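Heads up: the protein sequence lines correspond to chains A and B, in order. Going by our numbering, the first residue of the first sequence is number 852, and it counts up by one from there. Going by our numbering, the first residue of the second sequence is number 852, and it counts up by one from there.
These aren't lab readings, by the way, just hints derived from the structure by calculation.
In the EDC-like style, the derived pairs of lysine to aspartate or glutamate whose C-alpha atoms are separated by at most 16 Å in a straight line are:
| no. | chain 1 | residue 1 | chain 2 | residue 2 |
| --- | --- | --- | --- | --- |
| 1 | B | Lys871 | A | Glu1112 |
| 2 | A | Lys946 | B | Glu1169 |
| 3 | A | Lys871 | B | Glu1112 |
| 4 | A | Lys946 | B | Glu1170 |
| 5 | B | Lys946 | A | Glu1169 |
| 6 | A | Lys1024 | A | Asp1075 |
Source: prediction; values computed, not measured.
There are 2 protein chains.
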Amino acid sequence: MNIAIYGYGNLGRGVEAAVKYNPDMTLVGVFTRRSPESVQTLTGAPVYHIGELLSFKDRIDVLIICGGSATDLPEMTPTLARDFNVIDSFDTHAKIPEHFARVDSAARESGTTALISSGWDPGLFSIARLYAGAVLPSGNDYTFWGRGISQGHSDAIRRIAGVVDARQYTVPKEDALASVRAGENPTLTTRQKHLRECYVVAEEGADLERIEREIKEMPNYFADYDTTVAFISAEELKANHRGMPHGGSVIRSGISGISGEHSHTVEFSLRLDSNPEFTGSMLVACARAIGRMHSRGEVGCKTVFDIPPADLSAKSPEELRAHLL
Amino acid sequence: MNIAIYGYGNLGRGVEAAVKYNPDMTLVGVFTRRSPESVQTLTGAPVYHIGELLSFKDRIDVLIICGGSATDLPEMTPTLARDFNVIDSFDTHAKIPEHFARVDSAARESGTTALISSGWDPGLFSIARLYAGAVLPSGNDYTFWGRGISQGHSDAIRRIAGVVDARQYTVPKEDALASVRAGENPTLTTRQKHLRECYVVAEEGADLERIEREIKEMPNYFADYDTTVAFISAEELKANHRGMPHGGSVIRSGISGISGEHSHTVEFSLRLDSNPEFTGSMLVACARAIGRMHSRGEVGCKTVFDIPPADLSAKSPEELRAHLL
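Okay, chain A solo, but in the shape it has when bound:
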């Protein structure tokens, strides 16, 4: 199957790196808005300007769109779905129905197959919520994120005057996790679920107390959380906080029995060294599925809920039944 990458940032590189683990997939190229000569790919994959994309129409089975959810994907995915089978990782949860409708309309008109909101959340975490909820209709869902880097929160700190660089880790609170895992069905506030851990490089002579206060009082981002701030050197930031780890847990606790007398806990957890590479790996598996669904004549916009698990795997149905079932 021939795939291509549209947009070459961290996620695009993650998709490129994932291709080597999937020998049935061929990377046709990377398409960028930048000048192609200025872009050096990880594996030497060819780079083209997005203006050339349409001339590749017959050579690309599935196009993986690696843009941002705020402004890129709402425009890119419906537009590109007119000419290609496409996949994105749109993650603005509140706007998913609207995005779905626009992509579905474009894909149905053109007879293409699209998948939106793939990755791990939305993506694998969504799938975990669905299975657990289908098996335990009476229960409560909990999602914990981390320990991992939040790009958005790190950026917010960097915008404060006197800050040179910053990294913010989202950390689930152990006591909340333990209570949920024990099936206690706690009601948890934002503050009780996650801690925000900040590592900040400040300008020389900057007012550290003011920076710390501005971080901790920042509405939406930090004000509702317990937040710790540590000032470190640029060298330490580079040495110890360069990676992009993430992960988390989706937990459902539910009941069964004639009087609800039995309780059960279903948990799906991820511990990721590299958020963009893991997300890229999921997108490549989804490209395989979308290519297969398109071959079967299934057009329009899909979500991970619509993909039979077998379609994600390079293994044959016979192998899957013999070795994984």
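We have chain A; now place chain B onto it with these hints.
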């Protein structure tokens, strides 16, 4: 959707109890080989003799077969698939391909839809293995079972002379679990993965040393494991070991990156108060999916790998996208 239960043991009761949590499902009745008058159902569902089943052909959308894998299901599922959409929980892993072929042939000839090997292992654990393997093609799978009651091992102890009753718990070893979760990719022997914990009620005056030795040296069941044996009273067994808890974890540890420089761990875990009720709940969700797939004209034998997750849920696609994605 109208479902029926074929076979009324622990699993059949689990399915019956699950129906109350799924208001879109109606239980038409329970079919038994015993005399129907002798069977009292949990919810008052009507009981019929299996000889009456064919007269219900037009009133049952999906038949859930609750028989044993050793001798019941290899005969029942292919036979019943000639007249009904059917689901079973066939769990003899080595014989799945053969069972699949026989059920598939029967279902295709009759235009019915069948699902074999559902539940949690095989079932949800299989699904977890598939997703994790599709996203991390280079890695290792680990499955730990327990802490939970093994019916087969409990029965094996009961067959020893001088034993009145017994319960055997399969217990994953914490240090093995910790090593796998840390992504250390250990090579684990049978003995290193699980402990077998036995609670035995002996006849008065029985030779306890001999019983303990016979348990610990029993080939296949205990000889390859660290096994603990505790002799307890019948009252204590009834008070503390009456339940049917189970659970476990499927863990995959895999790599990504151009040089395999990043590692990731994906874990799916269950903690179940009642193994048969949880399995029954999964079978009811699968009945919904098989009924829908049959309505779409998808006939033949399926496995959980073939079911789009959305088909398991009572929620509409719009609800799923808006609230679970």
